[in-house]
Amino acid sequence: MEIEAIMLKNPLTIGADDSVPAAVRMMKEHGMRNLPVVDGEGKFLGVFTTVHLIELLLPRAATMEGGLNDLTFVHDTLDDVRQRWNEVQDHRVGDFIETEDIPVATAETSLIEVLLLIFQNRTHITIRSEEHTSELQSRRNLVCRLLLEKKKKRQ
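Here the sequence shown is numbered in our numbering, starting from 29 and rising by one per residue.
Source of the hints: derived by calculation from the structure; they are not laboratory data.
Each residue gets a CB set at the ideal place from its N, CA and C atoms; glycine is no exception.
Just to be clear, a hint being listed does not mean it is correct.
The calculated label-pair distances, taken between Cβ atoms and stated as ranges, are [unchecked claim]: (1) 151 x 29: 19 to 25 Å; (2) 67 x 134: 17 to 23 Å; (3) 68 x 148: 31 to 37 Å; (4) 110 x 134: 26 to 32 Å.
Please take these sequences and the hints and turn them into a complete structure.
Below, the structure is given as structure tokens:
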């Protein structure tokens with residue numbers, strides 16, 4: 029069986045030019061931790077993750093290259109964290125996407141190969157198809173689709 033058999037026809041994606049708050053709303057509304065990011069033509073560019081959100085909430089001194097590994101001396105309040113969030117309201121999702129080390133399969137890849145890729149990499153996988161926008165398969169979503177959903181047509 030090819031993975032295309034359980035792919036969504038219209039997977040949820042976000043545009044690279046969409047705002048970070050729009051991504052957060054979408055993630056909350058759909059219970060997602062990772063969002064595939066596409067350009068204006070629907071081409072897959074990368075993934076926006078909750079790790080990126082956490083990065084935006086941390087002090088810059090901790091997230092910059094060679095940054096601090098210990099923040100025990102920092103006594104930020106909830107207001108400080110919210111202030112950092114307010115400062116990124118106009119930032120675009122495309123500025124914070126993961127583009128490297130994302131396992132990729134095609135719609136024609138066998139289901140067992142996709143399972144193996146997810147197992148070996150311990151992460152989500154991008155499945156690309158000419159007929160469908162790229163879809164991000166998480167471990168949880170794949171297992172739910174395979175084992176818990178009744179056989180039905182994908183929407």
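To see whether the hints hold, each was checked on the structure:
The hinted window of 19 to 25 Å between residue 151 and residue 29 holds, with their beta carbons roughly 22 Å apart. Between residue 67 and residue 134 the C-beta distance comes to about 19 Å, which sits within the given range of 17 to 23 Å. At about 33 Å, the CB distance of residue 68 to residue 148 agrees with the hint of 31 to 37 Å. Checked against the hint of 26 to 32 Å, the C-beta distance between residue 110 and residue 134 comes to roughly 43 Å, which is inconsistent with it.
Of the numbered hints given earlier, the model fails hint 4 alone.
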